[in-house]
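Peer 1: Residue strings, one per chain:
Number of protein chains: 2
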Amino acid sequence: MESKENERLLLMIPGPTIVDPKVLRAMSKPVTPHREKEFSEMFLEQAERMKQIFKTKNDLFLLAGSGTAAMDAAISNTIKPGEKVLCIVSGKFSERFTEIVKCYGGEAVELNFEWGKEIDVNKVKKVLEENDDIKAVTVVHNETSTGVKNPVQEIGKIVKETNALLIVDTISSLGGDDINVDEWNIDLCATGSQKCLAVPPGIAAISVSEKAWNVIEKTNGHSYYLNLKKYRKHKHHAPYTQPISMVYGLKVALDMMFEEGLENRIARHRKLAKATREGVKGMGLKLFPEKEEICSNTVTSLCVPEGLDDKEIRGIMKDKYNIVIAGGQAHLKGKIMRIGHMGNVIERDVLCTLACLELALKKVGFTLDLGSGVKKAQEILKK
Amino acid sequence: MESKENERLLLMIPGPTIVDPKVLRAMSKPVTPHREKEFSEMFLEQAERMKQIFKTKNDLFLLAGSGTAAMDAAISNTIKPGEKVLCIVSGKFSERFTEIVKCYGGEAVELNFEWGKEIDVNKVKKVLEENDDIKAVTVVHNETSTGVKNPVQEIGKIVKETNALLIVDTISSLGGDDINVDEWNIDLCATGSQKCLAVPPGIAAISVSEKAWNVIEKTNGHSYYLNLKKYRKHKHHAPYTQPISMVYGLKVALDMMFEEGLENRIARHRKLAKATREGVKGMGLKLFPEKEEICSNTVTSLCVPEGLDDKEIRGIMKDKYNIVIAGGQAHLKGKIMRIGHMGNVIERDVLCTLACLELALKKVGFTLDLGSGVKKAQEILKK
Chain A
1 MESKENERLL LMIPGPTIVD PKVLRAMSKP VTPHREKEFS EMFLEQAERM KQIFKTKNDL
61 FLLAGSGTAA MDAAISNTIK PGEKVLCIVS GKFSERFTEI VKCYGGEAVE LNFEWGKEID
121 VNKVKKVLEE NDDIKAVTVV HNETSTGVKN PVQEIGKIVK ETNALLIVDT ISSLGGDDIN
181 VDEWNIDLCA TGSQKCLAVP PGIAAISVSE KAWNVIEKTN GHSYYLNLKK YRKHKHHAPY
241 TQPISMVYGL KVALDMMFEE GLENRIARHR KLAKATREGV KGMGLKLFPE KEEICSNTVT
301 SLCVPEGLDD KEIRGIMKDK YNIVIAGGQA HLKGKIMRIG HMGNVIERDV LCTLACLELA
361 LKKVGFTLDL GSGVKKAQEI LKK
Chain B
1 MESKENERLL LMIPGPTIVD PKVLRAMSKP VTPHREKEFS EMFLEQAERM KQIFKTKNDL
61 FLLAGSGTAA MDAAISNTIK PGEKVLCIVS GKFSERFTEI VKCYGGEAVE LNFEWGKEID
121 VNKVKKVLEE NDDIKAVTVV HNETSTGVKN PVQEIGKIVK ETNALLIVDT ISSLGGDDIN
181 VDEWNIDLCA TGSQKCLAVP PGIAAISVSE KAWNVIEKTN GHSYYLNLKK YRKHKHHAPY
241 TQPISMVYGL KVALDMMFEE GLENRIARHR KLAKATREGV KGMGLKLFPE KEEICSNTVT
301 SLCVPEGLDD KEIRGIMKDK YNIVIAGGQA HLKGKIMRIG HMGNVIERDV LCTLACLELA
361 LKKVGFTLDL GSGVKKAQEI LKK
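Chains A and B, in that order, are what the protein sequence lines are.
Using this note's numbering, the first residue of the first sequence is number 1, and each one after it goes up by one.
Using this note's numbering, the first residue of the second sequence is number 1, and each one after it goes up by one.
Keep in mind that the hints were calculated from the coordinates and are not lab data.
These numbers come from a predicted model, not from an experiment.
It is possible that some hints are incorrect.
No farther apart than 27 Å at their CA atoms in a straight line, the calculated lysine-lysine pairs in the DSSO-like style are these [what the hints assert, rightly or not]: (1) A:Lys229 x A:Lys84; (2) B:Lys80 x B:Lys160; (3) B:Lys335 x A:Lys37; (4) B:Lys233 x A:Lys335; (5) A:Lys102 x B:Lys22; (6) B:Lys251 x A:Lys251; (7) B:Lys235 x A:Lys335; (8) A:Lys286 x A:Lys318; (9) B:Lys22 x A:Lys251; (10) B:Lys80 x A:Lys37; (11) B:Lys22 x A:Lys233; (12) A:Lys281 x A:Lys80.
Could you put together the complete structure from these sequences and hints?
Peer 2: Right under this line is the structure:
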C-alpha cells in the first residue's frame with residue numbers, strides 16, 4: 001500500500017523516531033512462549049538495563065502499552081479520591097497529568113506557567129509550603145509540546161523535604177538527556193519506547209521508589225491492568241502477557257545504546273540540539289522557548305514567521321524532501337513547528353533537515369540567505 | 001543469545017501462537033508517524049476488518065496492551081462501585097473477570113462451575129431472575145485454562161431479555177472459532193492478538209454495543225488509559241500512540257485471514273481440534289472436559305495419566321522434539337496438559353505433536369502402541 005519512497009521518510013518529529021533496522025529485524029524474530037525461562041530471563045534483563053538508563057536502584061517494570069499507560073500507573077496506584085496533587089502545567093503533556101489525576105478522583109492543584117516559559121521553582125516551593133496535604137507533585141521533564149526542558153532536579157530537592165511523591169514523565173527525554181532518578185529523588189518515573197529509546201511504540205516503563213511503595217501499599221489502586229502491586233508480586237514482574245516482539249526490539253536498541261555509551265548518547269543529543277537551534281536562528285527564525293537555557297535537547301520548537309502557513313511548509317518538507325517535522329499542538333497549532341532530534345538522529349539528518357527547511361521557507365516567501373542556517377549548524381558540528 | 005534451533009520451536013500452546021514470517025517481516029517495516037493520514041487510514045481499516053471477524057456493526061477499538069487490557073476496559077467503563085456483576089466462573093480466565101470486578105468496587109456474584117464441566121445455562125437464568133439488579137454478566141467464550149468452550153449464544157439469549165450487559169472474553173477463540181457478536185447479543189467483546197489471530201502479543205480489541213454505550217455514558221469510568229469514551233471521541237479512535245509495528249503485523253495477519261476465508265479458517269480449527277482429540281484418545285489418554293461437545297476448538301486439554309509427571313513429558317517434548325505444549329494452571333497444575341491448535345497451526349503440526357507425544361509418553365513409562373494416536377488423527381484428516 002505504501003510506496004518504497006515512504007519507507008525512507010525521515011522522521012524529524014518528537015516521536016515516533018527512526019528505528020534502526022537491526023531493531024526492526026529483531027522484532028521479526030519468531031515469538032517464543034513468554035512464560036518459559038529463556039524469555040523471562042531476557043525480559044527481566046532488559047528491565048535491569050533500563051534501570052541503568054533511569055540511574056536508579058528502584059524497582060522498574062515494563063508495561064505493554066503506550067507511555068500514557070505508565071503515566072496512568074503512576075497516578076492510579078498512588079492517589080486516593082479527594083487527595084491533592086500539585087500538577088505543574090506548561091504544555092500538553094503536563095496537562096495530561098491533571099486529566100489523569102481528575103479521572104481518579106484526585107484534586108489537581110494546577111500551577112500553570114505559560115507554554116514556552118520557564119517554571120519558577122520558588123512558586124512550586126510556595127505551593128507545597130502552603131499545602132501540607134499535597135500527596136504528589138507531577139512534572140514533565142521534557143515538554144514535547146513546547147520544546148522546553150523543566151528543572152526536575154531542582155523540584156526534586158524541594159519535594160524530597162515533604163511527604164509528597166515526585167512523579168515525572170520522562171517519555172521524550174529518557175535515553176537522550178540526563179535523568180537521574182535516584183539523585184533527583186524521583187519516586188515514580190514514567191517513560192515510553194518510541195522517543196529517545198528508538199524502539200517502536202507499544203512498551204512503556206515505570207520506576208517505583210520505596211517512598212512510593214509505602215503509599216501504593218496503602219492505596220487501593222484504581223486500575224486492574226496497571227496495578228503495580230500485581231507487577232511486583234509476579235515472579236517475572238509481568239502478570240499479563242508481555243509484548244514479546246517489542247521486548248526483542250528493546251533488547252537490541254539497548255544493546256546499541258550501551259555500545260554507544262549513555263553519556264556519549266546524551267552528548268550527541270545535546271550537540272544535535274545545539275546545532276539545530278543555531279541553524280534555526282541562523283536562517284532568521286525565532287526559537288519558541290523564552291530562553292535558550294530551557295530549550296529541550298531532544299526537540300527544538302520554533303516560531304512560525306508571521307504570515308506564513310506551517311502546514312504549507314511542512315507539506316513541502318514531506319512531499320518534496322520526504323522529511324517530516326511536527327506542527328504545534330493545542331493553541332500552538334499554526335504558531336510553532338517542532339523538529340525532533342531524538343534516538344538515532346545523526347548529524348547528516350539535522351543538516352539535511354535544515355537545508356530543506358531553508359528551501360521550503362524560501363518557497364513560501366520567507367526572506368533568507370540560502371545556507372545561512374546550515375552554516376551555523378556546521379559550525380557547531382565541526383567541533 | 002538464542003540458538004537457531006530455538007527459533008524453530010513449534011508452539012503448540014494456547015498462545016502465543018506461531019506467527020507467519022510474512023507477519024513478522026511486516027513488523028520490521030520502518031515506523032511511520034502515527035498521526036499522519038497514511039497510518040491513520042490503515043489503522044482504522046484494520047479496526048473495520050476486525051469488525052468482520054467479530055461479526056458486528058458495533059464500534060470496535062484497538063488498544064495498545066495485552067488481552068487483559070480489553071477485559072479491564074469492558075468492566076472499568078461500565079461498572080460503578082457497589083454494582084452487581086454475575087461472573088460465570090469455570091477456569092482461570094473467568095476468575096480474572098471476578099478480580100477485575102472487585103478491583104473496580106463491583107460486587108462479583110460468582111456462579112461457579114467445576115473446571116472442565118459444562119455451564120448450566122438454566123442456573124444463569126435463575127440467578128438473573130432472582131437478581132434484577134445485576135448490571136452485567138461476564139463469560140469466557142473459550143476457557144484457555146480448561147479447554148472448554150462455553151455456550152455464549154445461549155447465555156446471550158437470556159441476558160438480552162434483561163438490562164444487564166453481556167461481557168465476553170473471546171481472547172483464545174476469536175479468529176479460530178465462530179463468534180457472532182451481534183447475533184449473540186454480546187455488548188462488550190474483548191480479544192487479544194496472540195492467539196487465533198496469530199499476531200504477537202501487544203494489541204487488543206474490544207467491541208462496544210449501543211446498549212453498552214448507554215451505560216458507559218452514565219458511568220464515570222475508572223480508568224484513564226482504558227477510557228472508551230476517549231477512544232470514541234478521538235478521530236482516529238486512538239487517543240494515545242498506537243503500537244505501530246503491531247498494527248503492521250495485524251494488517252498482514254488479517255490479509256492472510258481474509259485470503260483463507262474466515263469460515264474456512266474456523267473449519268480448519270475444528271478439524272484440527274477433532275484430529276487432536278481423536279489422537280489423544282487413540283493413544284489411551286482421557287480428555288479433561290467432561291464431554292466432547294464442550295471441548296474447545298482451539299485448545300485441547302487432556303488428563304495426565306496417574307503417576308506420570310507432566311513436567312517430564314513436556315520437558316522431553318521441548319528438549320528432544322522442539323515442541324512446546326502447555327501444562328495446567330492453578331489447581332490443574334500437574335493434572336492436565338494442553339495442546340494449542342490455534343492460528344497458523346496446520347495438519348502436519350498436529351500430526352508431529354501427537355507422534356512425539358506418543359514417544360515422550362512411552363519414554364516416561366506409559367503403556368501405549370506407538371502410532372495409535374497418530375492413526376486416529378489421520379483418519380480425521382484424510383476426510
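Peer 1: None of the hints should be skipped; say for each whether it holds.
Peer 2: Do the hints match the structure? See the list:
Under the criterion of a C-alpha separation no larger than 27 Å, the hint pairing Lys229 (chain A) with Lys84 (chain A) is consistent with the structure, at around 22 Å. With a C-alpha separation of about 21 Å, the suggested pairing of Lys80 (chain B) with Lys160 (chain B) holds against the 27 Å cut-off. Between the alpha carbons of Lys335 (chain B) and Lys37 (chain A) the distance comes to roughly 21 Å, so the proposed pair stays at or under 27 Å and holds. Our distance criterion of 27 Å between C-alpha atoms is met by Lys233 (chain B) and Lys335 (chain A), whose separation comes to about 25 Å.
Under the criterion of a C-alpha separation no larger than 27 Å, the hint pairing Lys102 (chain A) with Lys22 (chain B) is inconsistent with the structure, at around 44 Å. Taking the CA atoms of Lys251 (chain B) and Lys251 (chain A), the gap is near 25 Å; set against the 27 Å cutoff, the hint holds. Between Lys235 (chain B) and Lys335 (chain A) the alpha-carbon distance is near 22 Å, which keeps this suggested pair within the 27 Å criterion. At roughly 22 Å between alpha-carbon atoms, Lys286 (chain A) and Lys318 (chain A) fall within 27 Å of each other, so this suggested pair holds.
Straight-line distance between C-alpha atoms of Lys22 (chain B) and Lys251 (chain A) comes to about 22 Å, which keeps the hinted pair within the 27 Å bound. Proposed proximity of Lys80 (chain B) and Lys37 (chain A) is contradicted: the alpha carbons are some 40 Å apart, above 27 Å. This hinted pair does not check out: Lys22 (chain B) and Lys233 (chain A) have alpha carbons roughly 37 Å apart, beyond 27 Å. As the CA atoms of Lys281 (chain A) and Lys80 (chain A) are separated by approximately 47 Å, the hinted pair breaks the 27 Å bound.
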